[in-house]
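Asks: Top line first, the protein sequences correspond to chains A and B. With the working numbering, letter number 285 in the first sequence gets 285, and the count goes up by one each step, no holes. With the working numbering, letter number 155 in the second sequence gets 155, and the count goes up by one each step, no holes.
Just so you know, the hints here were simulated from the structure itself, not pulled from any lab data. There may be inaccurate statements among the hints.
Among the chain B residues that face chain A by a calculated CB cut under 10 Å, a handful are [what the hints assert, rightly or not]: (1) Ala34; (2) Leu36; (3) Thr37; (4) Asp48; (5) Met94; (6) Leu201; (7) Ala311.
Source: prediction; values computed, not measured. Ideal Cβ positions, reconstructed from N, Cα and C, are used throughout, including at glycine.
Protein chains: 2
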Amino acid sequence: MTAPFSSIAEFKALLSNLPNADKTATAAATERNAQLTKPPAALGRLEDLAIWYAGWRGEAAPVIAAPQVVIFAGNHGVAARGVSAFPPEVTAQMVMNFQAGGAAINQLSRCFGANMTVEALELDRPTADFTQAPAMDEAEFLRALTTGWNAVDPAADLLVTGEMGIGNTTPAAAIANALFGGNAEDWVGRGTGVDDAGLALKAQVVREGLARHVDILADPIEVLRCLGGRELAAMSGAILRARMQRIPVILDGFICTAAAAVLERAQQGTLDHCVAGHVSAEAAHAKMLKHLGKEPLLSLGLRLGEGSGGALAIGILQGALACHSGMSTFAEAGVSDG
Amino acid sequence: MTAPFSSIAEFKALLSNLPNADKTATAAATERNAQLTKPPAALGRLEDLAIWYAGWRGEAAPVIAAPQVVIFAGNHGVAARGVSAFPPEVTAQMVMNFQAGGAAINQLSRCFGANMTVEALELDRPTADFTQAPAMDEAEFLRALTTGWNAVDPAADLLVTGEMGIGNTTPAAAIANALFGGNAEDWVGRGTGVDDAGLALKAQVVREGLARHVDILADPIEVLRCLGGRELAAMSGAILRARMQRIPVILDGFICTAAAAVLERAQQGTLDHCVAGHVSAEAAHAKMLKHLGKEPLLSLGLRLGEGSGGALAIGILQGALACHSGMSTFAEAGVSDG
Numbered sequence: 001m002t003a004p005f006s007s008i009a010e011f012k013a014l015l016s017n018l019p020n021a022d023k024t025a026t027a028a029a030t031e032r033n034a035q036l037t038k039p040p041a042a043l044g045r046l047e048d049l050a051i052w053y054a055g056w057r058g059e060a061a062p063v064i065a066a067p068q069v070v071i072f073a074g075n076h077g078v079a080a081r082g083v084s085a086f087p088p089e090v091t092a093q094m095v096m097n098f099q100a101g102g103a104a105i106n107q108l109s110r111c112f113g114a115n116m117t118v119e120a121l122e123l124d125r126p127t128a129d130f131t132q133a134p135a136m137d138e139a140e141f142l143r144a145l146t147t148g149w150n151a152v153d154p155a156a157d158l159l160v161t162g163e164m165g166i167g168n169t170t171p172a173a174a175i176a177n178a179l180f181g182g183n184a185e186d187w188v189g190r191g192t193g194v195d196d197a198g199l200a201l202k203a204q205v206v207r208e209g210l211a212r213h214v215d216i217l218a219d220p221i222e223v224l225r226c227l228g229g230r231e232l233a234a235m236s237g238a239i240l241r242a243r244m245q246r247i248p249v250i251l252d253g254f255i256c257t258a259a260a261a262v263l264e265r266a267q268q269g270t271l272d273h274c275v276a277g278h279v280s281a282e283a284a285h286a287k288m289l290k291h292l293g294k295e296p297l298l299s300l301g302l303r304l305g306e307g308s309g310g311a312l313a314i315g316i317l318q319g320a321l322a323c324h325s326g327m328s329t330f331a332e333a334g335v336s337d338g
Numbered sequence: 001m002t003a004p005f006s007s008i009a010e011f012k013a014l015l016s017n018l019p020n021a022d023k024t025a026t027a028a029a030t031e032r033n034a035q036l037t038k039p040p041a042a043l044g045r046l047e048d049l050a051i052w053y054a055g056w057r058g059e060a061a062p063v064i065a066a067p068q069v070v071i072f073a074g075n076h077g078v079a080a081r082g083v084s085a086f087p088p089e090v091t092a093q094m095v096m097n098f099q100a101g102g103a104a105i106n107q108l109s110r111c112f113g114a115n116m117t118v119e120a121l122e123l124d125r126p127t128a129d130f131t132q133a134p135a136m137d138e139a140e141f142l143r144a145l146t147t148g149w150n151a152v153d154p155a156a157d158l159l160v161t162g163e164m165g166i167g168n169t170t171p172a173a174a175i176a177n178a179l180f181g182g183n184a185e186d187w188v189g190r191g192t193g194v195d196d197a198g199l200a201l202k203a204q205v206v207r208e209g210l211a212r213h214v215d216i217l218a219d220p221i222e223v224l225r226c227l228g229g230r231e232l233a234a235m236s237g238a239i240l241r242a243r244m245q246r247i248p249v250i251l252d253g254f255i256c257t258a259a260a261a262v263l264e265r266a267q268q269g270t271l272d273h274c275v276a277g278h279v280s281a282e283a284a285h286a287k288m289l290k291h292l293g294k295e296p297l298l299s300l301g302l303r304l305g306e307g308s309g310g311a312l313a314i315g316i317l318q319g320a321l322a323c324h325s326g327m328s329t330f331a332e333a334g335v336s337d338g
């Protein structure tokens with residue numbers, strides 16, 4: 001399929017005409033939930049998740065049979081500023097690791113029956129250093145959005161978007177700062193493990209980036225282009241495509257959530273088809289989720305990216321839907337309902 | 001197998017000679033973890049879980065291939081005091097639902113590949129009302145412990161113990177109060193949904209129970225016999241058997257944790273092979289976990305019992321071990337380690 005946009009204006013226009021969850025399916029799932037053999041609300045958040053998922057899938061009692069994990073990889077001009085504990089060549093090395101099946105996300109995808117694909121985005125051409133120029137020109141940005149859009153399998157029934165990109169907590173922090181305000185220090189963290197000096201440098205780089213692009217900070221899509229990276233833009237494209245296909249999305253960590261937040265700030269409600277899979281050890285992630293009104297499913301101190309926290313949460317959603325769609329009703333089981 | 005105890009004294013004696021995790025396997029797993037293709041500690045708690053599990057299984061890189069969920073059902077004399085929102089016949093009805101595959105725990109067990117078994121414990125003979133007499137006499141108590149012991153499959157590599165028993169949050173609260181002190185009000189909750197009057201009644205029943213059995217409150221095993229129930233005793237027996245077989249255990253909610261806590265209070269360290277699968281919406285569960293020093297893996301507002309929260313956490317452990325044992329090392333993958 002060709003993506004239904006060939007300009008940034010056309011991409012933005014999609015946001016004003018989004019499909020919604022199916023109200024009939026939501027109502028039918030709510031009614032079914034009330035009849036299942038358990039005390040009211042005894043499955044807690046699993047019940048809310050099942051009803052939410054049923055609404056997006058347009059079925060009263062769906063199951064999760066075809067989850068997809070897609071990982072986007074990109075390289076960053078700002079990595080040359082020394083904002084990561086790892087050298088940039090690790091991005092390409094990890095893409096090979098993904099392709100060979102050796103990374104954490106491979107194991108988690110297999111564990112929860114997800115089909116995993118990898119998209120490496122022009123790794124030999126890092127984005128521009130955003131303290132000097134927009135990270136991407138319009139053509140580069142559109143290519144990345146389109147790669148994300150096209151990477152989504154329309155037959156998937158759940159999507160996790162992950163990423164790999166040495167240095168990419170810095171563009172994610174810059175985006176968060178641009179979208180949600182505050183100081184650079186509020187949004188930078190230790191990423192894969194920088195020291196105090198590295199942390200101060202990240203804040204400095206974010207400050208320079210925002211100062212350089214002060215004119216576009218009120219336009220979230222331009223923020224993504226000027227301060228982001230290809231894998232971030234691709235995640236935004238994939239998350240929007242999933243919305244168009246009514247495929248529920250599990251958000252991963254800090255980078256993924258920054259890419260998603262761009263859509264929400266461009267058009268409120270765009271992330272209604274998304275849940276937060278986990279809250280990362282990267283401290284600013286919790287802050288970003290709070291701004292988005294998303295309560296994470298898991299809090300296990302992960303800070304790997306790759307979609308790992310999102311993939312781990314697939315099991316929670318599968319469990320929720322297995323209960324919702326597989327349990328007997330009080331009438332079916334001959335159990336007294338109190 | 002015949003259980004290696006035929007008296008309460010023999011059961012207690014087992015606690016003083018417990019097998020431990022294999023230090024060699026723990027060290028080998030720790031070393032392997034440090035070489036995997038991820039920044040140090042980037043998988044957060046999954047790394048600790050994997051190393052812990054490896055130690056108990058005595059292997060540097062195990063996987064979880066044969067999880068077992070066992071559900072024990074019992075009826076309670078105190079149910080006649082009106083401490084539950086559901087009538088006692090629901091215990092037997094739910095056992096039939098478990099056997100027919102219609103309950104939440106059936107779906108969750110299937111979802112995570114666990115073999116599920118059900119043990120109904122003399123449902124037609126409720127325990128004595130503990131405000132009047134010991135819940136179980138010695139012979140009844142030993143039968144329940146033995147049922148639990150024998151229910152564990154020695155070939156399982158992970159165990160979740162669940163329960164069903166109308167009224168059983170009240171004995172669990174009484175046990176917790178006896179083990180950890182405080183007031184009855186600190187330990188009772190709404191269970192499957194009692195109102196304010198029901199809550200006050202539960203506290204009153206717990207107070208009466210502790211007053212009736214004041215002489216044995218310093219002996220945790222006697223607390224289990226006098227204030228507990230058959231499904232609680234069976235869970236204690238199963239959790240101890242798992243320790244003997246070095247089978248790691250995921251604790252479920254309030255009732256399961258009360259049964260486990262008895263072992264820990266009888267002999268500190270007895271629950272070293274256990275993790276807390278989740279923290280229940282039953283408020284006193286968090287308090288009990290804190291006393292036990294167990295940080296729950298999940299917090300999703302479940303309050304169903306049946307092993308449901310424990311079973312949901314199987315996926316987290318499976319994910320942790322899939323990463324630990326399936327990932328490539330930096331050397332294997334040709335990735336620079338920073």
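Asks: For each hint, tell me whether it holds in the structure or not.
Replies: Hints and how they fare:
The beta carbon of B:Ala34 is not positioned within 10 Å of any beta carbon in chain A (closest approach about 13 Å), and the interface hint is therefore violated. Interface hint at B:Leu36: satisfied, since its Cβ lies 8 Å from the closest Cβ of chain A, which is below the 10 Å cut-off. Hint on B:Thr37 holds. Least Cβ distance to chain A is approximately 6 Å, under the 10 Å limit. For B:Asp48, the suggested interface contact is upheld, since its CB lies about 9 Å from the closest CB of chain A, less than 10 Å.
The interface hint given for B:Met94 holds, since its Cβ lies 6 Å from the closest Cβ of chain A, which is under the 10 Å cut-off. With 10 Å as the threshold, the beta carbon of B:Leu201 stays out of range of chain A, its nearest partner Cβ sitting at about 16 Å, so the hint is violated. With a least beta-carbon distance of about 8 Å to chain A, the hint placing B:Ala311 at the interface is held under the 10 Å criterion.
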